[in-house]
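Trainee: Here is what each chain is made of, one letter per residue.
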Amino acid sequence: MISYFVRRLVAALVTIYAVITASFFLVRLMPGNPIEYLEAQMTLQGGMTPDEILARVRAIYGILPTGPLWKQYLQYVGNAFQGNLGQSISNPGHSVVGIIAGALPWTIFVISVALLISFVLGLVIGTIMAAFKDSLFAKVMTGITSFLSAIPIYLVAILLLYFFADQHAWFPLSGTYTVGLKVGFNWPFVQSALDHAVLPIASYVIVGFGGWALSMKGSVVTILGADYVRAAESWGLPAGRVTRSYVGRNSMLPMVTNLALSIGFLFGGSVFVETYFAYPGIGYYLIGAINSRDYSLMMGCFILITVAVVFANLIVDFMYPLVDPRIVMPVSGKRRVVLGKAGQGAGGGGPRGGEAVGPLGAISLVDRGV
Amino acid sequence: MELLKSLWRICVSDKPALVGGAVLVIYLVAALFGPVFVHVGKVANPSLAYLTPSWRHPLGTDFLGQDVLSEVIVGTRPVIEVGLLAAIFAVFVGVVIGLATGYLGGAIDMVLMRVADGFLTIPGLPLVIAVAAIIRSSSPFILAAIIAITAWAGLARAVRSQALSLRTADYIEAAKVQGLPLRNMISRQLLPNVGPYVAINFLLTVTGAIYAEVGLFVLGVAPVSGTNWGIMINLAMGNGALYTSKSLLYLVSPMAAIVFLQVALVFFARALDQLFNPRLRAQ
Chain X
1 MISYFVRRLV AALVTIYAVI TASFFLVRLM PGNPIEYLEA QMTLQGGMTP
51 DEILARVRAI YGILPTGPLW KQYLQYVGNA FQGNLGQSIS NPGHSVVGII
101 AGALPWTIFV ISVALLISFV LGLVIGTIMA AFKDSLFAKV MTGITSFLSA
151 IPIYLVAILL LYFFADQHAW FPLSGTYTVG LKVGFNWPFV QSALDHAVLP
201 IASYVIVGFG GWALSMKGSV VTILGADYVR AAESWGLPAG RVTRSYVGRN
251 SMLPMVTNLA LSIGFLFGGS VFVETYFAYP GIGYYLIGAI NSRDYSLMMG
301 CFILITVAVV FANLIVDFMY PLVDPRIVMP VSGKRRVVLG KAGQGAGGGG
351 PRGGEAVGPL GAISLVDRGV
Chain F
371 MELLKSLWRI CVSDKPALVG GAVLVIYLVA ALFGPVFVHV GKVANPSLAY
421 LTPSWRHPLG TDFLGQDVLS EVIVGTRPVI EVGLLAAIFA VFVGVVIGLA
471 TGYLGGAIDM VLMRVADGFL TIPGLPLVIA VAAIIRSSSP FILAAIIAIT
521 AWAGLARAVR SQALSLRTAD YIEAAKVQGL PLRNMISRQL LPNVGPYVAI
571 NFLLTVTGAI YAEVGLFVLG VAPVSGTNWG IMINLAMGNG ALYTSKSLLY
621 LVSPMAAIVF LQVALVFFAR ALDQLFNPRL RAQ
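Protein chains in written order, with this note's numbering: chain X, 1 to 370; chain F, 371 to 653.
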């Protein structure tokens with residue numbers, strides 16, 4: 001049981017280490033890389049001696065570009081693990097981590113609310129679609145969800161902005177709360193923050209809930225056809241019990257797996273949503289940094305988005321045993337067969353019950369995360 | 371041939387799939403022949419700016435006085451080009467790695483699957499944006515390669531699990547006994563069995579790649595030069611399309627072009643899904 005948690009933790013740390021290594025490669029070794037770009041720019045501006053330029057590069061990126069490469073690499077990785085991602089170029093006097101620390105909570109707030117709403121909405125709609133497969137509701141919903149899951153989030157964001165913030169000024173055009181309010185747990189501030197978050201959250205939910213509904217439907221349909229559900233019904237168990245313990249829990253398994261994948265997708269979408277709603281979260285700063293060629297801030301945003309997603313995934317991994325105890329307490333092969341026949345083991349085997357969802361249902365969320 | 375016939379049968383019974391297929395054909399024709407017949411001028415003509423729709427300009431004109439419909443048609447090719455290229459790269463890498471790891475197992479499997487897990491965990495779009503921002507290229511090959519960096523991992527995992535179950539199949543055992551070389555094992559024995567799955571995923575990867583590619587241009591991360599839908603949206607937003615109703619059509623037209631294409635791809639993928647999964651048809 002412990003080994004499961006340790007394995008997940010190590011995998012998460014290795015991923016973060018790999019991302020920092022990759023970002024060193026991008027910053028230092030790519031042709032036309034940011035450090036050379038910065039040096040060339042400062043040389044062009046003139047008025048600085050080569051030593052001053054080096055000192056400035058060092059202040060911004062935290063590495064001395066003249067030393068041997070392995071030393072630069074160790075410096076970069078060491079700095080990153082100590083939480084030092086250098087200085088921002090376009091916001092002089094501000095550290096990259098300082099800027100992001102102010103932005104990340106807003107992104108996490110909007111994303112988690114949006115994820116919760118689309119998850120619950122998708123689960124409910126998907127279950128109804130599976131239970132009443134031939135109803136008008138199921139047919140209409142199939143059309144709507146396939147249509148919505150094909151629409152890029154930036155189009156939804158632009159349209160929402162146009163209709164609800166510009167044409168009708170029902171919601172604010174930009175920002176996270178009305179400037180001048182006292183930050184804290186007081187009603188005007190909370191109300192203003194919610195008001196500013198409604199349209200960004202709506203953007204994620206509109207493109208997101210369809211995917212959840214479709215994969216939930218696929219999952220429930222598969223479970224409803226399973227022998228152990230039929231067996232439970234034929235024993236005369238109350239319908240509520242069958243729905244909750246036999247269908248409900250088992251069809252949730254692939255959903256929880258998707259939860260981990262969709263977090264990365266949401267952070268990807270934040271780049272568009274926050275840019276259009278001028279919502280100063282981490283995605284907003286990522287694009288702002290690119291447009292002002294502030295590469296140190298850009299790499300910082302990239303690294304911290306990744307770290308946030310990796311940790312979110314880790315939390316999902318740690319919660320997974322609650323939904324599926326088999327993952328930490330593997331039963332022996334013989335016992336599993338017996339259990340599968342008796343009707344307790346979802347789909348008779350593997351810990352992840354999502355295999356039978358069908359390629360479209362199982363993969364759609366992954367793909368949109370490109 | 372037999373396959374095409376059943377595809378047609380499925381399309382006839384599944385109207386959305388038929389419409390999707392037809393729309394895809396229209397887009398392909400526009401991508402192939404559009405630039406031959408339609409041209410977008412390079413010279414600005416402010417006196418023609420923001421014209422309302424007319425016979426001459428069915429979708430009106432943009433802020434430079436250029437015909438919006440022509441721009442949408444000319445913009446089709448670069449979008450589809452990068453979408454297809456990226457999907458080809460990603461599917462190729464995904465299938466090769468999936469088959470190799472599933473079939474060979476051992477240390478290669480361990481290492482490559484950890485790498486794939488890593489790519490599945492880290493958010494793809496921010497990585498693509500960061501790389502594209504540093505490379506700053508508008509070459510379709512480079513853009514496609516950047517987009518494919520993250521798109522292969524999911525497919526590799528799925529193909530691997532199929533290859534794992536095939537590894538113990540009788541005909542694979544038979545092929546092994548005959549001592550067929552690895553290349554033959556992978557390309558002739560394993561590949562045809564994962565082919566259908568790959569075909570569906572190819573279409574879905576195309577939608578993902580188009581989503582990412584247009585996104586790069588919309589945000590202005592990829593260089594704004596030439597004409598494609600992402601650049602059109604970027605310029606429309608940059609010229610205040612949200613605040614003047616005059617340019618609404620200029621903003622909405624490329625958006626509609628994207629939505630129609632994406633929906634068509636998804637609906638057509640559904641037909642392929644039914645074609646290769648007879649069980650779905652029975653349900």
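Any given hint could be a false lead.
[Stated by the list, open to error] Simulated restraints, written as ranges between beta carbons of each label pair:
{"hint": "1", "chain 1": "F", "residue 1": "Val485", "chain 2": "X", "residue 2": "Phe5", "range": "18 to 24 angstroms"}
{"hint": "2", "chain 1": "F", "residue 1": "Gly476", "chain 2": "X", "residue 2": "Gly47", "range": "40 to 46 angstroms"}
{"hint": "3", "chain 1": "X", "residue 1": "Ile2", "chain 2": "F", "residue 2": "Val481", "range": "21 to 27 angstroms"}
{"hint": "4", "chain 1": "X", "residue 1": "Tyr17", "chain 2": "F", "residue 2": "Ile396", "range": "32 to 38 angstroms"}
{"hint": "5", "chain 1": "F", "residue 1": "Ala477", "chain 2": "X", "residue 2": "Trp170", "range": "57 to 63 angstroms"}
{"hint": "6", "chain 1": "F", "residue 1": "Arg537", "chain 2": "X", "residue 2": "Gly225", "range": "23 to 29 angstroms"}
{"hint": "7", "chain 1": "F", "residue 1": "Lys375", "chain 2": "X", "residue 2": "Glu233", "range": "39 to 45 angstroms"}
These are computed hints drawn from the structure, not numbers from a lab.
Note that beta-carbon positions come from the ideal geometry of N, C-alpha and C, so glycine has one too.
Trainee: Indicate, hint by hint, whether the structure satisfies it.
Mentor: Hints, verified against the model:
no. : hint                                    : in the structure
1   : Val485/F - Phe5/X: 18 to 24 angstroms   : holds (22 angstroms)
2   : Gly476/F - Gly47/X: 40 to 46 angstroms  : violated (60 angstroms)
3   : Ile2/X - Val481/F: 21 to 27 angstroms   : holds (24 angstroms)
4   : Tyr17/X - Ile396/F: 32 to 38 angstroms  : violated (48 angstroms)
5   : Ala477/F - Trp170/X: 57 to 63 angstroms : holds (59 angstroms)
6   : Arg537/F - Gly225/X: 23 to 29 angstroms : holds (28 angstroms)
7   : Lys375/F - Glu233/X: 39 to 45 angstroms : holds (41 angstroms)
Checked against the numbered hints above, the structure violates hints 2 and 4; every other hint is satisfied.
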